[in-house]
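S.K.: Residue numbers (the working numbering), protein chains in the order written: chain A, 2 to 375; chain B, 2 to 375; chain C, 2 to 375; chain D, 2 to 375.
Hints were generated in silico from the structure; no laboratory data involved. One or more hints might be untrue.
Where chains are identical, the list cannot tell them apart; a pair therefore holds if satisfied intra-copy or between any two copies.
Pairs of lysine-lysine residues, derived as DSBU-like cross-links and limited to a Cα-Cα distance of at most 30 angstroms, are as follows [as the list claims (entries may be wrong)]:
id, residue 1, residue 2
1, K264, K208
2, K182, K264
3, K330, K88
4, K208, K369
5, K300, K264
Just so it is clear, the structure is predicted and the values come from calculations on it, not from any experiment.
Protein chains: 4
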Amino acid sequence: MVGGGRGAFIGAVHRMAAALDGEIELVAGAFSQDPDKARASGADLMLPPERCYGSFQEMIEQEKKRADGIDIVSIVTPNYMHFPPAKMALENGFHVICDKPATFSLDEAVELKRIIEKTGLCFGLTHNYTGYPMVKQARFLVQSGALGKIRKIVVEYPQGWLSENVELTGYKQAEWRTDPKRSGMGGAVGDIGTHAENLAEYITGLKITEVCADVSTFVDGRLLDDDANVLLHFENGAKGLLHCSQIANGEENGLNIRVHGQKGSVRWQQLEPNTLHHYDNDGARTYRPSVGNLCDSAKAHIRLPAGHPEGYLEAFANIYRNFSRTVRKTINGETPNAFDLDFPTIDDGIRGMQFIETVIESGRSNAKWVKFKN
Amino acid sequence: MVGGGRGAFIGAVHRMAAALDGEIELVAGAFSQDPDKARASGADLMLPPERCYGSFQEMIEQEKKRADGIDIVSIVTPNYMHFPPAKMALENGFHVICDKPATFSLDEAVELKRIIEKTGLCFGLTHNYTGYPMVKQARFLVQSGALGKIRKIVVEYPQGWLSENVELTGYKQAEWRTDPKRSGMGGAVGDIGTHAENLAEYITGLKITEVCADVSTFVDGRLLDDDANVLLHFENGAKGLLHCSQIANGEENGLNIRVHGQKGSVRWQQLEPNTLHHYDNDGARTYRPSVGNLCDSAKAHIRLPAGHPEGYLEAFANIYRNFSRTVRKTINGETPNAFDLDFPTIDDGIRGMQFIETVIESGRSNAKWVKFKN
Amino acid sequence: MVGGGRGAFIGAVHRMAAALDGEIELVAGAFSQDPDKARASGADLMLPPERCYGSFQEMIEQEKKRADGIDIVSIVTPNYMHFPPAKMALENGFHVICDKPATFSLDEAVELKRIIEKTGLCFGLTHNYTGYPMVKQARFLVQSGALGKIRKIVVEYPQGWLSENVELTGYKQAEWRTDPKRSGMGGAVGDIGTHAENLAEYITGLKITEVCADVSTFVDGRLLDDDANVLLHFENGAKGLLHCSQIANGEENGLNIRVHGQKGSVRWQQLEPNTLHHYDNDGARTYRPSVGNLCDSAKAHIRLPAGHPEGYLEAFANIYRNFSRTVRKTINGETPNAFDLDFPTIDDGIRGMQFIETVIESGRSNAKWVKFKN
Amino acid sequence: MVGGGRGAFIGAVHRMAAALDGEIELVAGAFSQDPDKARASGADLMLPPERCYGSFQEMIEQEKKRADGIDIVSIVTPNYMHFPPAKMALENGFHVICDKPATFSLDEAVELKRIIEKTGLCFGLTHNYTGYPMVKQARFLVQSGALGKIRKIVVEYPQGWLSENVELTGYKQAEWRTDPKRSGMGGAVGDIGTHAENLAEYITGLKITEVCADVSTFVDGRLLDDDANVLLHFENGAKGLLHCSQIANGEENGLNIRVHGQKGSVRWQQLEPNTLHHYDNDGARTYRPSVGNLCDSAKAHIRLPAGHPEGYLEAFANIYRNFSRTVRKTINGETPNAFDLDFPTIDDGIRGMQFIETVIESGRSNAKWVKFKN
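Given these sequences and hints, build the entire structure.
M.R.: Right under this line is the structure:
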């Protein structure tokens, strides 16, 4: 693991997600650029000090030498520190799983794809929300034609935690996310807008072709956007809206999506992730994990019988489990099946970086529509 | 009453809303342009045949002559037939209450305002959703500063009933709403978008200054829009989104609003109108009719103790009751109080017509932002 | 109308319910036993002073003499004052609609039934909750066999408004409801327990055969029960629970029911009366007014298109409308249809009084089960 | 681990719960009484074959000899197989964590407590629902006096999965739960009624003193109860109801509780475990994980920031984590703190067995009230 030392948030999430299914084990880490903190963080996790490295370079070099060295490098650092360890890990023969957005810039993401293709190794991106079983079911309903031709998509991701200037109070999670040197070009757009974009494209199978964005920074002195309202055009003539915010005071993590087709609609809300609403002009029904008929993909991503709520970590773990199964089969020379391969890849990463750069450009532009960057 | 004969929808709503509080009585009508249907409709309502007129002109002329003639003309016809009876009624000394949008075009609305001012009579517009007590409470929370400076407004009004070409099946409600000769320039934008616009401006007290609209007609052969996604700029720097649809299959009448201020947020949903959510980063509370402390205006618009759900008709009746009290006091030479005067007027009507014409223009424009029409 | 003067609650409800559909008109009243208050209350309602009587006796005598006298007497007094005006009205040829519970005691109810049968007049009882369209749909699902054999019924009616001794503060609604001289034997059991009992029997068509009750008075000094938990046996082997409370602090008017059959279940909650949940081990669906296929009875009790919430007053008005249509047809020598006749009668009233007296007896008994009183 | 081989449900839950926080590692097991299945199950879990034992006796004997032997025995077998391995493990110096209910009979539970006290070892019981953070918050609100004196408790646990005779179809989870030789005296009462009882006593800190139960078996041929409705008396004069069912068709795992005090109420529902409703006659508020002020105990049992739903496994893991910390500190000679010690013990186990035996006895009795067994 690269990053994820004391005080980090997403590192612990990755560790719990990886541990849940017992298919992957944390054995080494470069948890911090501060060697003392790196070792202390490793000790918290009961790792031997010799495998708690002071830098990702050292980790990669040393682990490569070990017979029992790691197979997978998990990257949980701020965005600017995704590409360098990913590149080095891949070039040294390690598979890589990385937090989103893929990289600091679109150019880096494109370059990363080139490296992945060259090395033939596995690369996973933790757009974790697509790991929820009811998201799989929504995708199935679209793909099976149950909704008819898709006409309208409304996706939103409001949060309220950056309503004030908390990045000035020493709050690390806020500091790097509002710092263009570490986050990249996008604030809310990069951190959560990309999740919304990814979810919409995953469920519908449709790609955004152009956007019209109103990008704002409401908090004085903040250097990146903290709110964006975006009109969307999709490739088959579908229209959409995406809005994301870090200043929607009181909103927790309200990733929600509605997809309206000619024959029916689905609605899914991350805060109640175990219910999928499917409705049309004749009525409404719900899908719930382990209840009645679900598609195979939904079933493959549920661990528990009906009525036992699964949450964020289980969805995250689904990404990890699928990725680790793909890696294992790849190592063993087996062919991963469709469920194993159901995790976000560098292609999702490139879409996300295109989204960030296109939305930010649109926000600055007087043109109504800006085409998705290539 | 002008319009509202057999087969109409909103006429019956106006009648029930007027009847609920016993302050206004239906005694005459021009329910249809077809004299037989007009009389039959009147008979259904137990009106004497001599007060069931074949045209609004006849009604106004005859009622004017009666000692016990009507005081108020209620206009519940399709949009193109709002202005002519309103003008004639006002010019003959009758107060007028009219369904929304105010008129067929912005020009007519401006002219109507001139007539109202000239005659000094009362004019009410049934933007009924502002009649809900919890909408009053939301407005109070904004105005009292409980939310801090308003930053973001998300308002939406999805419906699904026009997902197919039902206007070709003889369905009257669909026919005139999709006919530019009877509806005017806007389809979904005019019929329901104006409700969303009115609700947002009513609750926040902020006016929209410019819009960026993506206006669509999804159903083949339809002559007016059936979907619109609109970015909004408000006068104090607040940003917003408004979307409305008649093709969101399975949506009933999903008028919803969220207002995010620097200090907190409110959320209200028309399908559960008796709950107002007030939340910020420290937690969430709900307001409910007749529970705990509510603002005076909310209390003035509740009829029942806690736990007795009031709905659409009661909210509609609140508009009627306030309007009729204002008329009565005006007739009696008394001064209406602030609660009496809390009903939409021609100014709301003009805002609505500006909204329609600006959004439609923006939908056709390549410019990113189009300023609100004057 | 008998009762319902200034300061009353349910009188105004009856008036609004009667007015909503324009089929019944309030023309006379004995609104209070205090003649001044009676007249003042009548004046509020724009009734002529000569038809605002100082007693129900006077009203019945005088109205009987008028050519344009009333057809129906509506009784909205406290329980002890139901039987005397009902008896006199019926014996003088008036149809009667009365608030629940039917009478002060079971004996009175039985006597009242005898009078009704003797006179051949119509008697309606406002167990208003059965007026909701989605309750009709629930009843239909049971009766049509969609749920299979009914096994378990859970019905509850928690309120919190009597958590403290508010009857000592001059609050009229609390005063008479906690006074055994005016309410009868039951407190919560009589006021709201009977609604729960009526709803359960209405939806399932099954009669309670015996009960096991734990009846409590939590508030010091209160003379009647304010809480009851009751085990139920129904006639076909179904089991059930009923609980009602006036001291469930913070509960509004939480009448809820779940009916579990061998093949499926329904759930309905009065605070969200426009949604009926129908679910089984394979999934869940909802029924909503004016959406998709509903039974004829549900459709006959809806006034508005989909998405326009109807509430307590509309359900109450359904009882009034059906009753008044039955009265009109009876007067006109026509035969009321099944929808007209769908209102609670003296038989429901007797069931309610049996329920009160059986539950109170069970509460005092050491026997586990007490059979329903006859 | 004892039990939990292929085809088991709760064994996998225990393993995931134990793995989540990385504080406990599965290293050996007696997963099945069938040695082949035991080894195959162990291989699935990547355990070495020599630590996959054919019986718990063998496991305990062999592990005791190893320097790196296990510290904790986790028992996930059907009820009749709790006591023997627990007794042997404790008597051989191992700490024990065991699924609920504690034992096959109350006598065994009492004997087990004697053994635990004699050995001085740790014993945890996985009444997992008390592990939810919002349950901790509910308990805090009661204990801090925010609700005032507790008056009424309504707790329920409906399920529908045994609506039909699925135990005859080879469904293992149904087979042993409906078999009195493996489950003990209680069916629904033992399997889920005990969870409801435990939750009510945990949150309120009040003990049930007597019950009045209506216990049913609805499915033909079933040997144990599948439904129970129970009136409760608690020690401070509080009244309550508990109902549990396996034949409430369509219910998933509907463990819900409402606690009504003189000053306010709380409501918690297992299917939406991240929201706690706190309400009184003046209004309602919600508590959510990582939002605003929560009690220390709630905060100590949350892993993620606001808006990241935690579910059943995380609550289960909280029990495991607290238990394992207590074990570790005990082994290290440290003193566990209050949070470490917040897991169910043999005392909860004895309460549960008392509940089962008292409710079943009451169900068979004509006496109204049966005192809680000692």
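S.K.: Give a verdict on every hint.
M.R.: Verification of the hints:
1. In the homo-oligomer, the alpha carbons of K264 and K208 lie at most 30 angstroms apart inside one protomer (21 angstroms), although the nearest pairing across protomers, at 37 angstroms, exceeds that limit.
2. In this homomeric assembly, K182 and K264 come within 30 angstroms of each other (Cα to Cα) only across copies, at 29 angstroms, whereas the closest approach inside a single copy is 46 angstroms.
3. In this homomeric assembly, K330 and K88 come within 30 angstroms of each other (Cα to Cα) only inside a single copy, at 22 angstroms, whereas the closest approach across copies is 43 angstroms.
4. Taking CA atoms no more than 30 angstroms apart as the test, K208 paired with K369 passes in both settings, with 19 angstroms inside one copy and 22 angstroms between copies.
5. When the C-alpha separation of K300 and K264 is checked against a cutoff of 30 angstroms, the pair qualifies both within a copy, at 25 angstroms, and between copies, at 24 angstroms.
The structure meets every hint from the earlier list without exception.
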